[in-house]
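Modelling step: build the complete structure from the supplied sequences, incorporating the hints.
First to last, the protein sequences are chains A and B.
Note that the numbering used here gives residue 128 to position 128 of the first sequence, counting from 1, and the numbers run on in steps of one.
Note that the numbering used here gives residue 249 to position 109 of the second sequence, counting from 1, and the numbers run on in steps of one.
Just so you know, these hints were derived from the structure itself, not from any lab.
Don't be surprised by glycine CBs; every beta carbon is placed ideally from N, CA and C.
Please note that a few of the clues may not be correct.
If the Cβ cut is set under 8 angstroms, some of the chain A residues that face chain B in the computed set are [to be verified]: (1) His90; (2) Asp102; (3) Val103; (4) Asn106; (5) Val119; (6) Asp121; (7) Ile124; (8) Arg127; (9) Ala131.
Protein chains: 2
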Amino acid sequence: MRSPEELTIAFREAGLKVTPQRQLLFRLLHNNCAHPTADALYSVATEQMPGISLRTVYQTLNDLTSMGEIQSIDVGTGSSRFDPNVSDHHHAVCDECGAVHDVYVNQAPEMRGLNGFAVADARIVYRGLCATCSELAQHR
Amino acid sequence: MRSPEELTIAFREAGLKVTPQRQLLFRLLHNNCAHPTADALYSVATEQMPGISLRTVYQTLNDLTSMGEIQSIDVGTGSSRFDPNVSDHHHAVCDECGAVHDVYVNQAPEMRGLNGFAVADARIVYRGLCATCSELAQHR
DNA sequence: TTTCTAATTTTCAATAGTTGCTAATTAGCA
DNA sequence: TGCTAATTAGCAACTATTGAAAATTAGAAA
Chain A
1 MRSPEELTIA FREAGLKVTP QRQLLFRLLH NNCAHPTADA LYSVATEQMP GISLRTVYQT
61 LNDLTSMGEI QSIDVGTGSS RFDPNVSDHH HAVCDECGAV HDVYVNQAPE MRGLNGFAVA
121 DARIVYRGLC ATCSELAQHR
Chain B
141 MRSPEELTIA FREAGLKVTP QRQLLFRLLH NNCAHPTADA LYSVATEQMP GISLRTVYQT
201 LNDLTSMGEI QSIDVGTGSS RFDPNVSDHH HAVCDECGAV HDVYVNQAPE MRGLNGFAVA
261 DARIVYRGLC ATCSELAQHR
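What follows is the structure, encoded as structure tokens:
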């Protein structure tokens with residue numbers, strides 16, 4: 001996603017208002033590679049702006065998603081996660097600690113067994129143990 | 141998953157009872173490639189057995205899943221879908237009609253950008269238009 | 001066949017995640 | 001400074017799923 005400053009301009013140009021709540025979320029999401037859930041963002045946001053509503057967090061996340069600034073990802077952990085990295089990439093989820101990492105593949109794998117399906121997008125979710133957790137597992 | 145007959149034996153051997161509700165679900169799932177949700181199965185089940193509870197459907201699906209007879213898949217459509225095909229395969233979802241199809245890939249793609257992650261499983265979800273829906277789109 | 005009991009089903013309440021609605025507030029233009 | 005459409009907060013509602021407890025029942029044993 002673009003920087004908070006660029007988003008400020010983009011929002012105004014689109015006829016959208018730049019509220020303190022939105023600015024806060026722009027900042028919390030920028031360069032955030034933690035793949036936070038709406039609720040996780042809400043917790044952090046509340047520290048800096050007590051009284052901000054969870055509804056506003058969801059609303060802003062949906063706005064940013066439909067503008068293509070962030071993407072919503074579902075790695076099967078119950079709630080949606082949000083990723084400011086909108087480049088072509090995939091995700092690896094640690095079954096132990098739940099961390100979600102961005103990963104890249106050389107080429108999207110070609111699928112067999114289905115004729116005439118026009119693929120628009122392919123998303124891969126890897127599951128396993130992250131480096132830290134597999135280290136810890138070794139010492140047991 | 142195994143046939144209803146084989147499952148009947150397997151359940152009894154595991155000390156589990158074979159109730160009419162379970163037998164019905166065995167039949168509804170066997171050779172079912174529609175990737176139904178719990179609710180979809182409940183609807184069909186209700187026709188043949190009015191009064192069956194949604195809770196029982198969930199319970200039986202969870203039991204079959206933990207026995208490895210079916211697998212639970214999440215293609216981002218809100219609710220879990222259940223697949224009696226437990227071979228190593230992936231899924232293609234039509235953005236138009238919502239149909240979910242089984243697909244196969246030659247080899248799981250190797251991921252880059254993350255060191256030390258021990259991959260246990262990789263799941264690919266393709267999105268796009270199925271053959272039927274892309275046909276229809278052509279004629280517009 | 002009847003009895004018994006643990007397993008199962010049903011019912012209903014509860015939970016998590018998310019969205020709909022509305023009144024009150026406010027950004028930002030005139 | 002005022003105005004107004006956009007936004008926020010608050011809360012109800014909704015979907016998907018699970019928890020808990022009472023009632024029922026499969027299937028082994030008598």
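A quick look at each hint next to the structure:
no., hint, result
1, His90, "holds (7 angstroms)"
2, Asp102, "holds (7 angstroms)"
3, Val103, "holds (4 angstroms)"
4, Asn106, "holds (7 angstroms)"
5, Val119, "holds (4 angstroms)"
6, Asp121, "holds (5 angstroms)"
7, Ile124, "holds (5 angstroms)"
8, Arg127, "holds (5 angstroms)"
9, Ala131, "holds (3 angstroms)"
Every hint from the earlier list agrees with this structure, and none is contradicted.
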